[in-house]
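There are 2 protein chains.
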Amino acid sequence: MRLLTEGNIEDIALGAAVLGTGGGGDPYIGMLMAKKAIRDYGPVELCTLDELDEDDLIVPTAMMGAPTVMVEKMPNGDDIVNAFNAVGKYIGKPVRATMSIEAGGMNSVVPIYVAARLRIPMVDCDGMGRAFPELQMVTHTIHGIDATPMAMSDERGNTVLIETINNMWTERFARSVTVDMGAMAMIGLYAATVKQLKTCSIIGTMTQAEEIGKTIRAARLNEIDPVNTVREHVGGFMIFKGKISDVERRTEAGFAKGDAYLEGTDEYAGQKAQLSFQNEHLVAKVDNEIQVSVPDLITVLDSDTGEPITTEGMRYGFRVAVIGIPCSHHWRTEAGLALVGPQYFGYDVKYVPVEERYG
Amino acid sequence: MRLLTEGNIEDIALGAAVLGTGGGGDPYIGMLMAKKAIRDYGPVELCTLDELDEDDLIVPTAMMGAPTVMVEKMPNGDDIVNAFNAVGKYIGKPVRATMSIEAGGMNSVVPIYVAARLRIPMVDCDGMGRAFPELQMVTHTIHGIDATPMAMSDERGNTVLIETINNMWTERFARSVTVDMGAMAMIGLYAATVKQLKTCSIIGTMTQAEEIGKTIRAARLNEIDPVNTVREHVGGFMIFKGKISDVERRTEAGFAKGDAYLEGTDEYAGQKAQLSFQNEHLVAKVDNEIQVSVPDLITVLDSDTGEPITTEGMRYGFRVAVIGIPCSHHWRTEAGLALVGPQYFGYDVKYVPVEERYG
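Protein chains in written order, with the working numbering: chain A, 38 to 396; chain B, 38 to 396.
The hints are simulated quantities; they were obtained by calculation from the structure and are not laboratory data. Heads up, the beta-carbon is just placed ideally off N, CA and C, and yes, glycines get one too. Hints should not be assumed to be uniformly reliable.
Claimed, not checked - Pair ranges (Cβ atoms, derived):
#1 A:Asn203 with B:Asp283: 44 to 50 Å
#2 A:Arg286 with B:Asp296: 55 to 61 Å
#3 A:Lys309 with B:Arg287: 47 to 53 Å
#4 A:Lys309 with B:Asp296: 34 to 40 Å
#5 B:Thr370 with A:Gly383: 29 to 35 Å
#6 A:Tyr381 with B:Arg356: 52 to 58 Å
#7 B:Asn203 with A:Val216: 18 to 24 Å
#8 B:Asp385 with A:Asp385: 53 to 59 Å
#9 B:Ser282 with A:Val216: 55 to 61 Å
#10 B:Tyr65 with A:Asn325: 48 to 54 Å
#11 B:Ile202 with A:Arg286: 31 to 37 Å
#12 A:Asp296 with B:Thr370: 56 to 62 Å
#13 B:Thr42 with A:Gly383: 55 to 61 Å
Construct the complete structure from the given sequences, taking the supplied hints into account.
Laid out in structure tokens, this is it:
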């Protein structure tokens, strides 16, 4: 167990945005909320699974919907506490701790707020090791753990509890309710015991995110190339360097979908790249050939600062580096690829691990 | 207390369709389900509120959505039992009985099925005394009783529980979930004690429906004009007799909206009438003047048989009689008219009780 204080939050958010592979939203407001909660209620205990009892119940907390909405519609904090409490009340058992369901700007810091305010620990693991756009896309699903009972709460005081026959149905109902709640909802879901999480979760994600954040910050301070430093730190591969020449966006069924086009610079001069995204980056093509695809991570970093750029933050003229990072072994199983492989997202290609092409 | 057997069901469904004012759906499949449940599990106890304890908890059961879907997508019975049980489980108290939330073809018989299958009583009252298209339009709302916790279940085994800050929000979430469940959901909602129902509910609706059904059947047997017989029985007024010359339909936000046009016959020859509906009939105009409006009941009967015609059952060429029936005193209060008066539905006219124009 170690304590998270205000000083840890920015590194976690920065590193989680690298793992967020373009999605998970801008962590800015979530970061402010988490810092304020720590200031008001004290530091948060970050535990490993081994420090808890096998039977302890853990309920992850997160935000669902369009993070861009946060600018106009602030969560008030009661909403996420309501969602968390509703799951425990429904199950009828005490909940020992919360955790992140995904590594991504916003959803890495939301559980810190919950833990600080309710004086409960946060567990150092998550269900993706990256960010994904749909609710069923967690390692819990591979291991047969239900998303439900899932609670959704808004800032007005409304709560919706969902109990479904599988996690695809949960995604369907939750997506509609999110729209009704104003394109954003605070959620509690995927209740699991510590024993279950030891098998199904991705261990150490919060610490990993914090280390990445520290690495970027240190590289900037020491004026070392931050892109290459972070790439080495995460065991990733350089896919492309270039300038964003166009971004096409469309909103489909509540998702921010689109494509970004890049013109090569440096050793990639003369080449072209295309990044296709659905909240997160799904596929990276160079000269029309798919080079990296889900479930491996495709992360876009500012060439100069190493700052991760979200899919909604990409603009014409940005100079960026695209790196590919091997995903968790959970996603490389048959069940994992059925859930989040390129074919699920409509790309008729076989998944090739990024290190096989670049290693 | 009296027992409802298979023999009572058809009269109740027929009479409830008169009170359903064009909405509430064709009771045919619900009737089959209720009859089968009585056959399998025995007759249903129909109680008055006075026969129960003041603290007894009552949870109404109903179908929400498009009754026309039932033809292709049969409820399996488990769905409505799941919805009923989910409300009691969530509240954490035993539920003593069920009741109808509205008088209408389908929703008068759904609770009979639940009562038969779970061997619990059904209470002889409802929350409308007629049918209305939206969920908040019940006398419970006037008296400050929440629709939530509301449970919605489908035939696959999915359940969604809603807990909101007011009944308008309940309507909003429930409408989206109904669409996701396949345009039809089975619901439990508006839990209330017997003490509360004595003030807020409309008493004796089931018996009233059954009496109307009996009256129509007796008139047919004795070859007496069934339209006039039922009109007298319910204390209604003859508004128009005519032939349906056109029906315009449109689907808006999950509702069946439209207008039916009638050309006068008998003493109404030369006149024209227009009926505007949203699931139920809302407004009846004769020669472009509004004659009857919500919350009073506008009921369309087959001229020859007295059979009530649902809004979705209206076809070119049908010879019909339109009768207006005074609504419950609950709806004529300021709070009642704010909830279901003509202005809520977008008609900029003052409500005039039907007996003031025709009495």
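We went through each hint and held it up to the structure:
1. Between Asn203 (chain A) and Asp283 (chain B) the beta carbons are some 46 Å apart, a value that agrees with the proposed interval 44 to 50 Å.
2. A hinted range of 55 to 61 Å for the beta carbons of Arg286 (chain A) and Asp296 (chain B) is inconsistent with their spacing of about 41 Å.
3. A C-beta distance of roughly 48 Å is found between Lys309 (chain A) and Arg287 (chain B), which places it inside the suggested range of 47 to 53 Å.
4. Distance hint check for Lys309 (chain A) and Asp296 (chain B): the Cβ-Cβ separation is about 57 Å, which falls outside the suggested range of 34 to 40 Å.
5. With their beta carbons about 56 Å apart, Thr370 (chain B) and Gly383 (chain A) fall outside the hinted range of 29 to 35 Å.
6. For Tyr381 (chain A) and Arg356 (chain B), the hinted distance range of 52 to 58 Å is satisfied, since their beta carbons lie about 57 Å from each other.
7. At about 19 Å, the CB distance of Asn203 (chain B) to Val216 (chain A) agrees with the hint of 18 to 24 Å.
8. For Asp385 (chain B) paired with Asp385 (chain A), a C-beta distance near 56 Å keeps the hint of 53 to 59 Å intact.
9. Restraint check, Ser282 (chain B) to Val216 (chain A): a C-beta distance of roughly 40 Å breaks the suggested window 55 to 61 Å.
10. Range check, Tyr65 (chain B) to Asn325 (chain A): Cβ separation about 59 Å, and the 48 to 54 Å hint is violated.
11. At about 34 Å, the beta-carbon gap between Ile202 (chain B) and Arg286 (chain A) stays in the expected band of 31 to 37 Å.
12. In this structure, Asp296 (chain A) and Thr370 (chain B) meet the distance hint of 56 to 62 Å, their C-beta atoms being roughly 58 Å apart.
13. Our hint of 55 to 61 Å for Thr42 (chain B) and Gly383 (chain A) holds, since their Cβ atoms are close to 56 Å apart.
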